[in-house]
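Trainee: Each chain, written out:
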Amino acid sequence: MAVETTNAPRLAAMTRPPRRRSDRQAVVIQYGLALITVLVVVGPILPVLYQSLIDRPIYAEGQQLTAANYRAILSAPSFGGVVWNSLNFSFWSTAISQGLGAVIALLIGRTNLPLARVFGSITLWPLFISGLVFAFGWFVAYGPSGFVTLWTRSIFGMVPWNLYSLSGMALISGISSIPVTVVFCLGALALADSSLEDAARSCGARPWRVVSRITLPMLLPAIAYSGILNFLGALESLSIPLIIGKPVGIEMFMTFIYMEGIERPQANYGIVGAATVMLLAIIAVLIVLQERMLGNTRRFQTVSGKATAQRRFDLGLWRWPAFGLLTLYVVIGILLPLGMVLLRAFVSFLSPLVPITSLLTLANFQQALTLDANVRSLVNTLILAVGGGFLATVAYSLVALVVHRSEFSWRVPLKYIALMPRAVPGMIAGLGVFYAMLLVPGLMALNGTIWIIGLAYLSRYLPTGFGVLSPALAQIGPDLDRAARVMGASWWQAVTGIILHLLRPAMVGAYALIFVAFLKEYSTAVFLFGPGTEVLGTSMLRYWVNGDIGPMAALSAVQIALTVLFLTLAQGVFGVRLVK
Amino acid sequence: MKRLMFAAAIAACGPTVSTAQAVPDGYPADYGALLQAAGAEGSVLIYTNMEPVQWEGAVEIFSELLPGVQVKFLELNSGEIGARYQAETSSGQPSADLIVTTDIATWVDMMKKDQILPYASPEAEVYPDWSRPHPGLYTIAADPMMLMWNKALLPEEEVPSGMGELVELVRSAPGKFKGMLTSYDATTPYGYNAHSAFVKFHGDKGWDWLDTLAPMTRPDGTGPMLEKVTSGEYVLSYFMGAGVARMALKDPARAAIVGLAPIADGNPIVLRGAAISKTARAPESAKVMLDVLLSRDGQISLGKRARTPLRPDVTAADVDGGLTYADVVAQIGEENVIPITFDAELASNDAFDTFVARYRQAAAH
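Residue numbers (my numbering), protein chains in the order written: chain A, 10 to 589; chain B, 17 to 381.
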């Protein structure tokens, strides 16, 4: 029997329509952006990869190829235990940050929680200071002779926690990563559509079921992307393991790499390079897992051609218990440790044996802020964070648009490339950029200027910006740009005229995270800054290394104040609130 | 006629009249020419792990000699200075004129690669030979690593005078000291330098002592050690960098809680080296800064700002009661001072690995 042919066009048989001029323009733009992205990301990573394969620092003479760096890591007797510790620590840290983060974002962003905006602001504060300083605040509050510990012991006779343990460290790391999850989720929640939840309610679902079956799953892309970033962040974190783990002998992957690679008479950057390659492999695995978990992203679309409305959940009887729990979290997890840092900024030293009132002083601020180099580093860092952060956010948005919103043939590899910089530990990222600067013709003109630092930061935080924008893009249905294309708009006009505007809450979220990251960053700048282009992070780290904790705390206090001020201003200027 | 004679008289006074900058006393006659050449350089770039605050006095003295020369600092951590310098010079990029750092590997590297400008400073003779291991390489500060303790937890009569007494004290009451002692991490270069020099000085006895102390000790950094001894989380820190501690103890409230004293039976000393790079763009200005650092006034300015001047004729009276090398020698005797000199052995990864393996053994007891 002959096979019946139908009149319905079969996709496979469709021939491509001839390229229109605006399509050509789109292709040019997409290839251009992709090329720049590849250069900016791969440029610094290639020297690092090469470094992993040679037997001496990349700038030394007489280099020879060798596999010894990989062998050294894999065959180290403590490698197994160290990897297990790291995976354990990272897993629990991510579980805490994603679990608590999603719930907190939900409570703040979609319910009638009292004082939601205040909580929204405070929850972000741990992100505003460096991990080192936050860990310091924790140990001053909850360490063996911390204030809270001593107070608890005097009342209850014992202390139920031990900060110097894997679980203690995972808790601090988790709490300091919650802001990332919250920002990601709030960006996604800003685009949420109550009609889906209403549909569920009209089918008879109780509020709890609606939340667990619809609202939370809709957050899955945001949770997944922030999960990757947080997991990798925990894996490559150095400050918490160094301050809290080292004194009690808890060794992690990155402290292990740091000890074997950097903290030796002759530094072995090859080992750090090899570690980078391993982390790159882990990132690839995580991305694959994430794709599996998210599946077809069409099911996350909430923004389409139809009008949407957002309604806040009424928590009813649960309003005040939720308020109580959140207050408890905020006080114990954020206000107390940060309060200790602020306290340390205003006293000459801290000791349970001496009443604090007798030690109050402004000397730390005086010392920190009257130093020319510090004032310069503050100004430089603000320029980088405000201006550089803005430019970076725009750049990242364009990359996200090309990956998620175009027919670009290399979309998928570009997505992997966009997430690669997360794998490069800070201590070697700067060396990579320095070498890229030497090798790429013309880039040398930027040596010693603030621009090369900006470029390095741009490369390093692409994953963060890209990560915030991707889930938000997944939520915006294709109807809108298709409608524009039907009307004759080019690809560029459609995405920048429509999608970019819908993306605004997510962009503000990205800008907030980028601003904060640029403000805190230091390790990338080590090889790139010169006299006159110092950054805040390097100044603060120097105080820490020299034992000047007072001025370091003072600079941290200034950092937090600036960040809170800036974010309040930015939300006003861009007319978008992170928390509605 | 009178004018001609007047001009001839001026000319006969000699070249000292023509230079604007004053040549310091006792310096060679041609130093004026060096000052002139330096004045033309415009700026000098210094890579250092010494805080800018501690440089203030030296910069003041330098600016009086060379008002037209701007002093630029790049403050980096010890390991970073060497890495950055080598990365820049090997690729022909502009780098430091003067390097001032405590990092031993940096100096050993520079000595091996012959990157140090062999400048003979007029101030050099008063310094001991061991502080000038290589032509052009000088030592400007000698920071002792001392004992620091919490006075409330360790009453005066129990405070040990040296490591030997500390070990006896710990052996007599191990429960009291477990996890309450601290020092720099002996498995990282900074701590390794001190511990290794200590062991070398005492021989087998040193390892015997470390076998007792290491299991009781928690490794930590300068800042946390100071904070935690103050709060009572630690009882005692050995090999504590005295510069920071001394500065903190200027506060009488802190000095009431925290005690500081040299180690009578062998006190390691961290040496801060200074040298000019052969590839310096402003070598003459660098020479002047080096001379300032080594001069008596320069050393006094360091002593007043938490660094320990090495110059033998600088005493506590000169530096407002601060610490000087001469005082440490006076307190414990020259034979009990252990300067951690820039030895190739301390910079070798192999010696480091061997030591670390033995130390880990000691800590596991």
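Honestly, the hints are just simulated from the structure, not real lab data. Beta carbons are placed, not taken as given, at the ideal position from N, Cα and C, and that holds for glycine. Certain hints may be false.
Sample of chain A residues at the chain B side, in silico, Cβ under 7 angstroms [to be verified]:
{"hint": "1", "residue": "S87"}
{"hint": "2", "residue": "E260"}
{"hint": "3", "residue": "T366"}
Within a straight-line C-alpha distance of at most 16 angstroms, the following computed EDC-like cross-link-like pairs (lysine to aspartate or glutamate) qualify [what the hints assert, rightly or not]:
{"hint": "4", "chain 1": "B", "residue 1": "K216", "chain 2": "B", "residue 2": "E351"}
{"hint": "5", "chain 1": "B", "residue 1": "K129", "chain 2": "A", "residue 2": "D381"}
{"hint": "6", "chain 1": "B", "residue 1": "K128", "chain 2": "A", "residue 2": "E70"}
{"hint": "7", "chain 1": "A", "residue 1": "K424", "chain 2": "A", "residue 2": "E269"}
{"hint": "8", "chain 1": "B", "residue 1": "K167", "chain 2": "B", "residue 2": "D145"}
{"hint": "9", "chain 1": "B", "residue 1": "K294", "chain 2": "B", "residue 2": "D281"}
{"hint": "10", "chain 1": "B", "residue 1": "K216", "chain 2": "B", "residue 2": "D334"}
{"hint": "11", "chain 1": "B", "residue 1": "K88", "chain 2": "A", "residue 2": "D202"}
Trainee: Now tell me if each hint is right for this structure.
Mentor: Hint check results:
1. S87: Violated - the Cβ of A/S87 stays beyond 7 angstroms from chain B, reaching only about 10 angstroms at its closest.
2. E260: 11 angstroms, violated
3. T366: Hint on A/T366: violated, closest Cβ of chain B at ~12 angstroms, above 7 angstroms.
4. B/K216 to B/E351: 14 angstroms, holds
5. B/K129 to A/D381: Status violated; Cα separation ~35 angstroms.
6. B/K128 to A/E70: With Cα atoms ~13 angstroms apart, B/K128 and A/E70 stay inside 16 angstroms; holds.
7. A/K424 to A/E269: 32 angstroms, violated
8. B/K167 to B/D145: 38 angstroms, violated
9. B/K294 to B/D281: 40 angstroms, violated
10. B/K216 to B/D334: Distance of about 33 angstroms is beyond 16 angstroms: violated.
11. B/K88 to A/D202: Roughly 57 angstroms between the alpha carbons, so the hint for B/K88 and A/D202 is violated.
When the structure is compared with the earlier hints, violations turn up for hints 1, 2, 3, 5, 7, 8, 9, 10, 11 and for no others.
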